[in-house]
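Visitor: If you want the building blocks of each chain, they are given just below.
There are 2 protein chains.
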Amino acid sequence: MFNTDYSQGILQYIPFFYVIWSDDLLSASEISVVMKTIEQDDSLDTNEKEQLLLWLNTENPPSDTEIKNWKHTIATSEVKLIESETYPLASFSQRLTQQQNGIGFNDHLKHIEINLGIQPNHYNHLFDVEVVHEKTSDQYDATILDKILKGPHAETVDGFREFLDQPIFRWEILRNKADFRARILEQVQTLAKKGYGAMAYPAEYGGTGNMPAYAAIFEHLMFVDGSLAVKFGVQFGLFGGSIQKLGSKRHHDQYLTNAGTTQLLGCFAMTETGHGSNVRGIRTTATYEPTSDSIVIHTPGKNDNKEYIGNALHSKMATVFAQLIVDGKNEGVHAILVPLRNEKHEELEGITVEDNGYKLGLNGVDNGKIWFNNVRVPRENLLNKYGEIRDDGTYFSSIKNPNKRFFTMLGTLVGGRICVARGALGGAKMALSIAVKYALNRRQFNDSVKIQEDLIMDYPTHQIRLTPSIASAYVYHVTLEEMMKRYSDDSQPDKRKIETQVAGLKSIITWFANDTIQECREACGGKGYLLENRIADLKGDVDIFTTFEGDNTVLLQLAAKGVLSDFQAEFNSAGFTSVLKLLQSQLSDTLTAINPLYSNKVDAEHLYNPKFHKHAFSYRTRRLTYTLAMRIRNYIKKGVPSYQAFLKVQTHLLALGKAYSVELAYGVFHDFCETVTDAEHKDLLEKLGTLYALNEIHADARWFLEQGYIGGTKSKAIRQRVERLSTELRPHIEVLVDGFGIPEHCLTAPIAQ
Amino acid sequence: MFNTDYSQGILQYIPFFYVIWSDDLLSASEISVVMKTIEQDDSLDTNEKEQLLLWLNTENPPSDTEIKNWKHTIATSEVKLIESETYPLASFSQRLTQQQNGIGFNDHLKHIEINLGIQPNHYNHLFDVEVVHEKTSDQYDATILDKILKGPHAETVDGFREFLDQPIFRWEILRNKADFRARILEQVQTLAKKGYGAMAYPAEYGGTGNMPAYAAIFEHLMFVDGSLAVKFGVQFGLFGGSIQKLGSKRHHDQYLTNAGTTQLLGCFAMTETGHGSNVRGIRTTATYEPTSDSIVIHTPGKNDNKEYIGNALHSKMATVFAQLIVDGKNEGVHAILVPLRNEKHEELEGITVEDNGYKLGLNGVDNGKIWFNNVRVPRENLLNKYGEIRDDGTYFSSIKNPNKRFFTMLGTLVGGRICVARGALGGAKMALSIAVKYALNRRQFNDSVKIQEDLIMDYPTHQIRLTPSIASAYVYHVTLEEMMKRYSDDSQPDKRKIETQVAGLKSIITWFANDTIQECREACGGKGYLLENRIADLKGDVDIFTTFEGDNTVLLQLAAKGVLSDFQAEFNSAGFTSVLKLLQSQLSDTLTAINPLYSNKVDAEHLYNPKFHKHAFSYRTRRLTYTLAMRIRNYIKKGVPSYQAFLKVQTHLLALGKAYSVELAYGVFHDFCETVTDAEHKDLLEKLGTLYALNEIHADARWFLEQGYIGGTKSKAIRQRVERLSTELRPHIEVLVDGFGIPEHCLTAPIAQ
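Quick note, the sequences are listed as chains Y and L, same order. Note that the UniProt record's numbering has the first sequence beginning at 1, numbered continuously upward. Note that the UniProt record's numbering has the second sequence beginning at 1, numbered continuously upward.
Chain Y on its own, in the form it takes in the complex:
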């Protein structure tokens, strides 16, 4: 029946050949790896080598009869596959031959297994499996990953995690907004008492001046409750931050310490019902009245009230953004400190506050509307770092250009945007941790043979659903850390570039977070829908992160315009046409380099090479910049006003904003990996980077295909690699989410136990 009379040399290779040919798993380049190993294996004689190499001929693959012979050999051997071994397949081979022939172990087999990089879950259906089943391999260590991610903040973060292990931070369901808000307020006060609120302030006001560490603990608040993170951010980041960044020493001395301790609760009143995205168009006025040496704050029309103002119901004071009018002249938007309530918490004269009511999420945050009816405050209440009213009643600013002044003031909010992205990321990490832990316990369906049903984490669809998002979470964590470092670096006073970068990153990361949380909800089925399992709340809370601190659609256009300005800055010196020509020729060069051979190169070495990823991302950004500039130029040449021209290319702007942000994130992550000293975990991180890059290229494959940058074969190969990497990471998936370092006392979802 079966011809299974193999020499021992051949026999030890049979499990590998069986795996290789039972599947469409391997590309030509990988087969060549196997070839090389066989050629170098001195334990084989010439005939054996010849036979084995014949079996690797893709032109003339082994016959079905041959494959059945292999199968029979394996099936009748009674050797079982032990998935948890370091080299399961090589070990299987060893036991197969030892049993029959008693020879020693052939190290070449191990090398094949390493080079193939395939995992038991790719091939375990081909063998009898001995269940020493572990859900997660111990090849990597979550605490090392966590340490890498914590970076310089390890001590602060560890202390903070421990601090969160108190009853006041236990998550609970509070449906009534009054109860919920009271609880969140108490949590904020508890954090303030310990000094966490003031962390980013200078030491003389109770802080440590460490904004990056502040951002790291801020993210952790999402593990407790989204409402806590937001209220904390409003009180210390927006209200306190506006005093710190827009005010001068007298404001710091008078208010900053109290803001940090929550002695003084405050809010940040910028957005109006009529003006959210268009902040420059806000209509609240702040008119200087020389007779009383005071500033009159006034809400002129029915849509000009402040809206969605967080902390509005608990606050004693507000930083109010208004058009500053001095001597009949509008000096543009400025920030003024306006007391809202007295000691008895009664609204002061002229102040009306109304509750915004229930929201999709964040119901522990007291958002409200505020109206001002000719409210007088002393001139000193103007936060005067960038513009002030002098004693003689005249206006003065060191920044003469009102446009530049406005953007300088707004630029101080960039730190808040990083924190928003960081918070969204924290929400995504939390949801991923819950979904992965559930998928490592939940079983559903099996074949008719097995006793147990299959873990849902072992389904390819489930792997592809969660794994690329985990990779993205790692990439974005590192990126946001780096952005905060650059933002906080006072030796770099010009923050415009970072503003552009953060505008784009905030958009793609908050969208990523929402998509991920939604995917996690669905991945957990009905359990994900129950409030007790936390994903529901994360979904409702993180949703608005795409809108507040800058609507994503608006921010992406801002980012794209930043890229265009850099581009324009070049042609301001060199002249528009010559720069366009230069860029065009660069792009043509690139496309010449992209000959059909390149655009259809599908071997693993190429697809996993960071050079390919970087090249693809950089090509995309530059190509989109060039075509965008060309389109706008053509419109303007035809007499279309620039405002309208920009409207016409709006979708193009969004594409550029996204492309730029992805390129940036990948670049930052790649550079970061270079600095990781632990070789094994560096490999793992690099693999995550590869998955991120390929997944992003795959997500925009339509565009790359349209440009001819990749061909159909390559596009398919990229898709397969994303699936394959997701499967390869399956044994490490729990370590990967544990690497996020979410404390157990926060991970209280029953399905994550």
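These aren't lab readings, by the way, just hints derived from the structure by calculation.
Identical chains share a label here; the pair holds if one copy fits it or two copies do between them.
Heads up, simulated SDA-like pairs for lysine to any residue below, C-alpha to C-alpha not over 25 Å straight-line:
1. K638 to F17
2. K601 to K716
3. K614 to Q568
4. K329 to S32
5. K404 to A645
6. K601 to G712
7. K404 to F445
8. K68 to P300
9. K687 to D603
10. K302 to R443
11. K80 to P731
12. K601 to R631
13. K36 to N330
Treat the numbers as computed from the prediction; the structure is a model and nothing was measured.
Chain Y is fixed; fit chain L onto it per the hints.
Guide: Leaving out everything else, chain L in the frame of chain Y:
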């Protein structure tokens, strides 16, 4: 009475003064702007200037008599305000003076208007407004669209809409689940009293036997509250429906009328904690006990309780799905009626019900867990249409194959799946209506020339965000109507094909609905986040539609397997290889037809031609079927068990399931358009079909490019056409959402007013 004898110089300023003094619109600083302009206006003589400046004195404002004189002048002038003009107020002034005096236009007025920066929506209440600017053209008629969509159910639907105009159906925020559930129960009872609950039942049990009309009114419940739709569906569709479809006459006579009137509240206990998707694996047992001639219902293990059971806390009875064991033999899953509570609403012996608690949405539905501890019910309680226990205690079924029997029973649930998709669609329509109406009022940003900011609906990004979804909503509405018609057609007893189709459609439509609602939330910015604007609730409620009545990922695989079976049925007769060869040659023919000329054909005539769309969709389905069959065949040839083979192609299955469903929906919609007699609205519907088709091809352009079915140029052209069609439909967008026919009394979101 009125002194309106103004000089022409004065007269032209009167509209401005009227606006200024009729409102608290202007701050002191803005008044000073007006002053300056008047001072510089050489068309005024000194007296006029003096008079005008007097009227700007805040210390001594114009008398009420004066203001009334202004008002009279304006009111009797018959000049109307045209809001869409660049300088509406200055233009009004001009027409006011020209009419009376015939002078030329005074540019200073324009400057005042610019400097005031106020918009018509601030002051339009003061004037007669001429509606020149239409936010929406009147080329099409929403009532005609609505009539087309209502089809044969016009009378029922119109009556139902009117019926919903009662205080009990007013939407309100109820955060406490007890209150919310009580309210929803009352709503369900109100509908039942009017006969809406029993609608799909036969006339002898209080119904009309009209399932399609039932589905149409079901969708409308989403406009009232998602919880109402779901609880209504559980009571009448699942509980009542299980009695109707799985029971026999004795069950109908005893229970159906009472189920329809809510005299008997019931639930549908299928899902278990341990088994949601894998219904065949449920572990509750129903053991026939001959001695007592009863059936013993029992929950064996800790994860075998029923879970997420809607109506569990209000019900007196449950349809329980369990493994039926007769004479020691497991006959598979059957449904048994099990009383849960007595008249006093106390749980009966052996029954334990536990509240599922709060959820992401649908908190007006009482979901619970149920345990059975050896609960005895009479043998007659077995719903015995497809399998029964005879008087001699033996089991009998006319369907011998247990597999077929199981799927026949489950097949009766297909109607419910159509309703779930219909409900999700209703949610999407509601969100789209709110978002469109908001976008037709909300203004943000402008160029520096215009006074008014731009409507956000006029932004290309906003158009592309909402318009293709509106097109999809039309397509899916028509598709689901047609599916329900086919499903209810008793002349077609074999429902397997419809099952396959509905499995796929339920998935793509519920995902579509979630994506759309999310897009609408973001499109409404912060306003979309407030509960009062309804989108937040829709988001939370519709979310779970992707999971219940069949998890989308599982259903898509079911759909794909259905497509494969049809394919297999062919090769069962012709032989596998010959069918593969046939299909391959067909595909090659197609690809030959797709020469470079075809794959880069970009003229509008071609891109808008339904033949192109149908060809693309059909090519995709067939190609995916063929490659899938080939892959599975290769795995099986190599000895991979079929269960594992299907796991390996899971993502491919999902792609096929989606492709098949889109092809189906487009085909149904296209055929439907052919039957529309009103030529103009037929054109409009066809345009929506074109947008749907191009948008779907665009969404999967990567795949079409990979296959060489379209070239890069064509792909770009398709993308541009999607943008262009969205812009083309802009003038009709309000008519399109009004065509959904959501009653005004349901569209209560403040931002939709």
